[in-house]
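Residue numbers (our numbering), protein chains in the order written: chain A, 35 to 559; chain B, 35 to 559.
Everything labelled a hint here was simulated from the structure, so no lab data went into it. Ideal Cβ positions, reconstructed from N, Cα and C, are used throughout, including at glycine. The reader is advised that the hints may include incorrect statements.
The following label-pair restraints were derived from C-beta to C-beta distances [as the list claims (entries may be wrong)]:
{"#": "1", "chain 1": "B", "residue 1": "Q317", "chain 2": "A", "residue 2": "A151", "range": "21 to 31 Å"}
{"#": "2", "chain 1": "A", "residue 1": "A533", "chain 2": "B", "residue 2": "Q140", "range": "47 to 57 Å"}
{"#": "3", "chain 1": "B", "residue 1": "G325", "chain 2": "A", "residue 2": "S203", "range": "40 to 50 Å"}
{"#": "4", "chain 1": "A", "residue 1": "K139", "chain 2": "B", "residue 2": "T246", "range": "34 to 44 Å"}
{"#": "5", "chain 1": "B", "residue 1": "P323", "chain 2": "A", "residue 2": "S203", "range": "50 to 60 Å"}
{"#": "6", "chain 1": "B", "residue 1": "A151", "chain 2": "A", "residue 2": "K139", "range": "17 to 27 Å"}
{"#": "7", "chain 1": "B", "residue 1": "G325", "chain 2": "A", "residue 2": "A151", "range": "37 to 47 Å"}
{"#": "8", "chain 1": "A", "residue 1": "D482", "chain 2": "B", "residue 2": "E281", "range": "51 to 61 Å"}
{"#": "9", "chain 1": "A", "residue 1": "G325", "chain 2": "B", "residue 2": "Q140", "range": "19 to 29 Å"}
{"#": "10", "chain 1": "A", "residue 1": "D337", "chain 2": "B", "residue 2": "Q140", "range": "23 to 33 Å"}
Protein chains: 2
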Amino acid sequence: MNGAEAVVATLRACGVEVVFANPGTSEMHLVAALDREPALRAVPCLFEGVATGAADGYGRMAGRPAATLLHLGPGLANGLANLHNARRAGTPLVNLVGDHAIPHKQFDAPLESDIDAMAGTVSGWLRRCTAPAAVGADTAAAVAAARTAPGRVATLVLPADVSWSPGASPAPPVAAPTPTPVADDTVTDVAAVLRSGEATALLLGGPAVHGTSLRAGARVAAATGARLLCETFPARLERGAGLPVVERLGYLPEGARAQLQGLRHLVLIGAREPVSFFAYPGQPGRLAPDGCRVHTLAGPDADIEDALALLGDLLPPATTGTATPTRPEPPSGELTGETVATAVGSLLPEGAIVVDEANTSGLWLPAATAGAPRHDWLTLTGGAIGQGLPLAAGAALARPDRPVVCLEADGSAMYTLSALWTHAREGLDITTVVLANHSYAVLEMEYDRLAPIPLTTGHARRDLFDLSRPRLDFVRLALGMGVPATRATTGEDFTAQLATALAEPGPHLIEARVPALFGPQRLVS
Amino acid sequence: MNGAEAVVATLRACGVEVVFANPGTSEMHLVAALDREPALRAVPCLFEGVATGAADGYGRMAGRPAATLLHLGPGLANGLANLHNARRAGTPLVNLVGDHAIPHKQFDAPLESDIDAMAGTVSGWLRRCTAPAAVGADTAAAVAAARTAPGRVATLVLPADVSWSPGASPAPPVAAPTPTPVADDTVTDVAAVLRSGEATALLLGGPAVHGTSLRAGARVAAATGARLLCETFPARLERGAGLPVVERLGYLPEGARAQLQGLRHLVLIGAREPVSFFAYPGQPGRLAPDGCRVHTLAGPDADIEDALALLGDLLPPATTGTATPTRPEPPSGELTGETVATAVGSLLPEGAIVVDEANTSGLWLPAATAGAPRHDWLTLTGGAIGQGLPLAAGAALARPDRPVVCLEADGSAMYTLSALWTHAREGLDITTVVLANHSYAVLEMEYDRLAPIPLTTGHARRDLFDLSRPRLDFVRLALGMGVPATRATTGEDFTAQLATALAEPGPHLIEARVPALFGPQRLVS
C-alpha cells in the first residue's frame with residue numbers, strides 16, 4: 035500500500051466521509067487512492083477558498099471533520115482566508131496539503147514555497163509527513179487533533195513521494211484529547227457571583243451556543259436573573275421558536291458597550307473576553323465597562339457541558355424562557371434590507387440552516403427571524419469575507435435533510451462566487467439570496483466614522499466602494515454556473531421567489547436589489 | 035500630516051501611479067489619503083488575488099512598481115498566490131498591507147493573524163511600520179526594494195494607528211541598489227566556453243528575455259553558434275517578426291531533457307538552472323544532461339546588460355537571425371486548441387501584449403504566433419493558476435497604448451474571474467479568450483503519467499477533473515460582470531469574433547469551445 039492509500043484508508047477509518055478537493059499534480063496519487071475508496075466522497079471545488087469554506091461549513095454542522103485536498107503552497111494560500119474563519123469558529127477540519135517530493139524541494143521549482151509558514155498561521159496542529167511508514171499514524175493524529183475541543187484546523191503536509199511510495203499502512207483511529215476539566219473552585223466562585231445580586235451577564239460563545247450547553251446556560255441565566263448574551267459572530271447559534279433567546283453582542287463597539295453598560299460581572303462560557311472588532315482612535319479595545327469583573331467559567335477548549343452541569347447543581351431549578359413562535363407578515367412595496375428580512379422571517383422553514391454573510395444589509399435579519407421555527411445561524415466568525423457560499427455548500431452536504439438559506443452580501447459573494455458551481459454540481463438544497471446594494475456599504479460607514487471628509491472631494495472613496503459601475507448581474511452569474519436564478523425588486527416579488535426556491539429541491543439564487551444602508555444612493559433601477 | 039498621507043505622498047514622489055486596492059476598515063485613512071492625491075489612480079478589485087495579479091502585470095509591462103492595498107491577514111492571504119507568481123517573475127511590486135492598530139493587536143480580535151509569517155513567504159523585502167515619523171522613509175525604502183534587480187515584492191505592513199496618527203512626513207525617493215556586477219573572470223570564462231566549439235546553449239531568463247539583453251544574448255548566440263533557449267515560463271518574452279527567435283524549454287521534463295540532450299555547456303543568463311516543474315518517481319530533478327557543465331554568466335539579480343556587453347566585446351561581431359514575418363491562414367471547421375492558435379496567429383495585432391494562461395489548450399500558440407508582428411508574451415511564472423485575467427488588467431493599465439490578448443484556460447479563469455469586472459470598470463482594451471474544454475485536462479494527463487489505473491474504476495478522477503457537469507457558461511459569466519461576450523464553436527466563428535473584439539476598444543470575452551487534449555471526451559455540444 036502506498037502512502038496515499040494509507041491516508042485515504044485512515045481518514046475513512048477515522049470517520050471522515052467527505053473531501054473538498056482542488057488537487058494538482060503533486061496530489062495525483064491521493065486522487066488515485068480516492069478512486070479506490072468509494073466511501074469517501076470527493077467534492078470538486080473550482081477554487082481552494084471554496085474547498086476550505088465548505089469544509090468549515092461541514093464541520094460546523096456535522097460536528098466532525100471533513101478533509102480538504104489542496105495543491106502546494108499556492109493552493110493552501112487560496113484557502114487560507116476561509117481556514118482563518120474555521121480557526122476562529124473552532125471547526126474540526128483536516129487540512130491536507132500536498133507538497134513536492136522531498137528530494138525535489140532542494141531545487142526550488144516554480145511552485146515551491148514555505149507551506150509550513152503559511153499553514154502555521156491558521157492551524158491548531160501542523161505536521162509534515164516524512165515517510166510512508168508514518169503516514170497512517172500521522173493521518174490518525176491529524177483527525178484526533180481536528181477533533182480536539184472545540185475543534186481545530188489540523189494541517190497535514192504530504193510530500194508527493196510519501197504518497198507514491200510503498201510501505202505504508204492505515205492506522206486505527208486515535209481518541210481526541212478530552213476537553214480540559216473545569217476546577218470545582220471555579221464553578222463555586224461563578225455560582226457565588228451569580229448569587230451576589232449584582233448585575234451579571236453570561237457571555238456564551240464557541241460550542242456553548244447550541245445543543246446541551248445552550249440550554250444549560252439559559253437555565254443558569256433563568257435561575258439567577260443573569261442576562262444571556264453571546265459573542266458577536268457565533269459559529270453555530272441555535273435559535274428560533276421554543277429555544278432560549280440569546281442576545282448577540284453588537285458589531286460596533288459603541289453598541290456592544292451600551293449592551294454591557296452597568297454590568298458588574300461578565301461570566302465567559304465558551305467565549306473569550308469581548309473586544310472591539312477594529313480599533314478606533316481614542317477608544318479602548320476591551321468592551322466590558324470599567325468596574326466589571328470578567329470571570330471565565332469555561333474557555334472554548336474546556337469541558338463546557340460538565341462545567342454547566344456542575345454550576346446548575348449549585349443553583350435553584352428554573353424554567354427557561356424561550357422564543358415565542360411568531361412570524362412577520364410577508365412584505366410588500368419597496369425591497370430593502372428590512373423587507374428582505376421580513377420575507378425571510380415569514381418563510382424560514384423548520385430546521386433551516388441559515389448562513390449569514392449579509393453584512394450591513396442583514397441588520398434586520400435577527401429580529402425578523404427570532405420567532406421563526408427552530409434553525410441554526412452560522413456567521414462570519416473570523417471576519418474574512420467570502421465565507422458564505424462555500425460554507426453553505428459544506429453545511430448542505432453535512433445535513434442533506436435540512437434546507438440551507440444563504441444570505442449573502444454582493445461584495446462578499448464575489449470573493450468565492452464559484453461555490454455556486456459546487457451547489458449545482460452536487461445538487462445541494464441551498465437558497466442563496468444575494469443582497470445586492472452595489473456597494474461596499476460597510477466601508478462607507480467606516481469611512482465616515484474614521485476619516486470624515488466630504489464625499490465630493492474623494493476619487494478613491496467614489497471608486498473603491500462602488501460596485502455599480504458596471505452593475506453586477508447575479509442572475510447571469512448564477513445561470514453561468516448552472517444555478518437557477520431570478521431577480522426581485524419588490525417585497526412581493528421577493529417573497530414569491532423565495533417561496534418557490536424553498537419549495538423546490540436543489541440550488542436557487544435570488545438577486546435582491548436593495549438600497550445601501552450607508553453611502554450615497556447609487557442604485558438607479 | 036498623518037501616516038497614511040505620508041505613505042501616499044511618498045509613493046507618488048517615488049513614481050508609483052496606480053494602487054490596486056481592496057481596502058477594509060483598518061485601511062480607511064489610506065483611502066482618505068488617496069482621496070486627497072488625485073495623481074494616484076485607485077483601481078478597485080473585487081478580490082485581493084485580482085489586485086496582486088494586476089500589480090504583477092503592471093510591473094512586468096511598466097518596469098516600475100504599482101502598489102496594492104490589502105486588508106489585514108485574510109486580505110493578504112487572498113492575494114498570496116499571485117504574489118507568489120510575481121515573486122517568481124521578478125516583478126517590482128509594492129505590497130501594502132494594513133494591520134490593526136498596534137495597541138489592538140494584544141486583543142487577538144477576530145481578524146488578527148500572523149501577517150508577517152504569510153508575507154514572508156512571498157516577499158523579497160518585508161517591513162512593519164512602527165511610528166508615523168518613520169513611515170515616509172519606510173515607504174521610500176519599500177519602493178527602492180521593489181525596484182531592486184530584477185524586481186521584488188516589497189511588503190510594507192501599516193498598522194491603522196500609524197496611518198491615522200499625525201507627525202508623519204513624506205520621504206524623497208531612495209535609489210534602488212545597483213545590480214550585482216559580474217566579475218571579469220566570469221565573462222572571460224564564459225567566452226572561452228563559447229569559443230570551445232563544444233555543444234553549448236544560452237539559457238535566458240528573468241529580465242534577459244526582452245529589451246536590450248534579449249538582443250545582446252541573441253548576438254552572442256549568433257556569433258558563437260550557441261543555441262538560444264529561454265526558461266519555460268518567462269515573465270515577459272519579447273518575440274515576433276523581426277525579433278530574435280528563442281526556444282522555450284518544455285514544461286514536461288522528458289521534453290526539456292530532449293531539448294538539452296547532447297549539450298556540453300549551458301550558460302545561464304538571468305535564468306536559474308533548469309529543473310523539473312514537478313517530481314516524478316525515479317526521475318532526476320535537474321534537467322541538464324549528465325556531462326553538461328552549467329555556467330552562470332549572470333543571475334537574475336546581476337547586471338545582465340553589462341555582462342552581455344562585456345561578453346560581446348570578446349566575441350566576433352555577428353548578425354542575429356530574426357523571425358520571418360508570416361501569419362497562418364485563418365482557420366475553418368472544427369474549433370480546437372490548434373485552430374484557436376491559428377486564428378490568434380492570423381490576427382494578433384502589432385504591439386499586442388499576450389497573457390498566456392491557456393495551459394494544455396495553448397500547446398499550439400507559440401508556433402502559430404512566431405511570425406506575427408512583434409509582441410510581448412507573459413506567462414504563468416510561478417505556476418499558481420488564476421493569474422491571467424488579473425495580469426491582463428495590470429498590463430493594460432501599464433500600457434494603455436497597446437492591445438492586450440488574454441488566453442485563458444477555463445479552470446484557471448474561474449480562480450479570479452471577477453477580474454473581468456475590473457476590465458469593464460476601467461474600460462481596458464483586453465480581448466479575453468476562454469479556451470473552454472470543460473476539464474482540468476492537465477490533471478487528466480498527469481494522472482495517466484503518475485498513477486495509471488483504468489478510468490472506469492475511479493469516481494474521484496471522474497468527479498474532480500470534470501468541469502462539464504454543469505457546463506460553465508462564460509458568456510453569461512462575462513455579461514454578468516459587464517464584459518461583452520460571445521461564444522464560438524467553429525474556426526470561422528472564432529476568427530470573426532476575434533477580429534471584431536480586437537477592432538473595438540474596451541474589454542471583450544470569447545468563449546472558445548474546444549475539445550480537451552487529454553482525458554475522456556466529455557463535451558457534447
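Hint by hint, here is what the structure shows:
At roughly 28 Å, the beta carbons of B/Q317 and A/A151 sit within the given window of 21 to 31 Å. One distance hint, 47 to 57 Å for the beta-carbon pair A/A533 and B/Q140, holds here, with the actual separation near 49 Å. For B/G325 and A/S203, the Cβ-Cβ distance of about 42 Å falls inside the hinted range of 40 to 50 Å, so the restraint holds. Between A/K139 and B/T246 the beta carbon distance is about 35 Å. The supplied range of 34 to 44 Å therefore holds.
The hinted range of 50 to 60 Å is not satisfied by B/P323 and A/S203, whose Cβ atoms lie roughly 39 Å apart. Remark: the range hint 17 to 27 Å for B/A151 to A/K139 is upheld by a beta-carbon distance near 19 Å. Taking 37 to 47 Å as the suggested C-beta distance range, the pair B/G325 and A/A151 conforms, at roughly 38 Å. For A/D482 paired with B/E281, a C-beta distance near 58 Å keeps the hint of 51 to 61 Å intact.
In this structure the supplied range 19 to 29 Å holds for A/G325 paired with B/Q140, their Cβ-Cβ distance being about 21 Å. The hint said 23 to 33 Å for the Cβ distance between A/D337 and B/Q140, and at roughly 28 Å that hint holds.
Of the numbered hints stated above, the single one contradicted by the structure is hint 5.
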